[in-house]
Amino acid sequence: MAKYNISEKKEKDAAYRSLVSPDLMDELKEKILDLVVMQKKYKDKTYSAKKLAEDLGTNTRYVSAVVNVRFHMNYTSFVNKYRIEEAMSILLDKRYQDLRIEEVSDMVGFSNRQSFYASFYKLTGITPKEYKTQHVSSKKKKKE
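FYI, the numbering for the sequence shown is 1 to 144, going by this note's numbering.
Read the hints as simulated data drawn from the structure, not as lab findings. If a hint is listed, it holds; no wrong ones were tucked in.
Simulated restraints, written as ranges between beta carbons of each label pair:
| no. | residue 1 | residue 2 | range |
| --- | --- | --- | --- |
| 1 | Ser-115 | Thr-60 | 18 to 26 Å |
| 2 | Thr-124 | Lys-94 | 19 to 27 Å |
| 3 | Arg-100 | Lys-50 | 28 to 36 Å |
| 4 | Arg-61 | Leu-123 | 22 to 30 Å |
| 5 | Thr-76 | Pro-22 | 20 to 28 Å |
| 6 | Glu-27 | Ile-126 | 32 to 40 Å |
| 7 | Asp-26 | Arg-95 | 36 to 44 Å |
Calculated cross-link-like contacts (lysine-lysine; reagent style DSBU-like; alpha-carbon spacing at most 35 Å):
| no. | residue 1 | residue 2 |
| --- | --- | --- |
| 8 | Lys-43 | Lys-29 |
| 9 | Lys-132 | Lys-40 |
| 10 | Lys-94 | Lys-43 |
| 11 | Lys-129 | Lys-94 |
| 12 | Lys-31 | Lys-45 |
| 13 | Lys-129 | Lys-51 |
| 14 | Lys-129 | Lys-31 |
| 15 | Lys-51 | Lys-41 |
| 16 | Lys-43 | Lys-81 |
| 17 | Lys-45 | Lys-132 |
| 18 | Lys-94 | Lys-45 |
| 19 | Lys-81 | Lys-129 |
| 20 | Lys-129 | Lys-45 |
| 21 | Lys-132 | Lys-50 |
| 22 | Lys-132 | Lys-94 |
| 23 | Lys-51 | Lys-40 |
| 24 | Lys-51 | Lys-31 |
| 25 | Lys-122 | Lys-40 |
| 26 | Lys-31 | Lys-43 |
| 27 | Lys-94 | Lys-81 |
| 28 | Lys-122 | Lys-94 |
| 29 | Lys-129 | Lys-50 |
| 30 | Lys-132 | Lys-29 |
| 31 | Lys-41 | Lys-122 |
| 32 | Lys-50 | Lys-40 |
| 33 | Lys-40 | Lys-81 |
| 34 | Lys-129 | Lys-40 |
| 35 | Lys-122 | Lys-43 |
| 36 | Lys-50 | Lys-81 |
| 37 | Lys-132 | Lys-31 |
| 38 | Lys-50 | Lys-122 |
| 39 | Lys-41 | Lys-31 |
| 40 | Lys-50 | Lys-31 |
This one's a predicted model, so the numbers in the text were calculated from it and none came from an experiment. All C-beta atoms, glycine included, are put in the ideal place defined by N, C-alpha and C.
The task is simple: from the sequences and hints, build the whole structure.
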């Protein structure tokens, strides 16, 4: 039996994806990037796919279809990617060196430590603490 019961993800072809025209997908993709990334809505713990759909004036199926087709991931993975990228910057920023990992997790929008660690590890292959240790020690070596 495989550790953690991780199985190969099967590609499902949801019927509703083909209902969204390519032009509408492109338009929604740009609007999603503006809201989630540029306006940093990913930092809001309560910002759901439903809330995003409301802000876009569409429904969650369209949001899901666009995120799946244009970004090749689900909504949660999409939002967590930007949270982790920001966390990586914060972990290396001298201004925030005294923050605990949990505080960084909270700053970027995770509601609990476990989901932060799991998402961080999934994206980088190491824990946030390992990331910080590796990069802080490599910076010190470069200065020498």
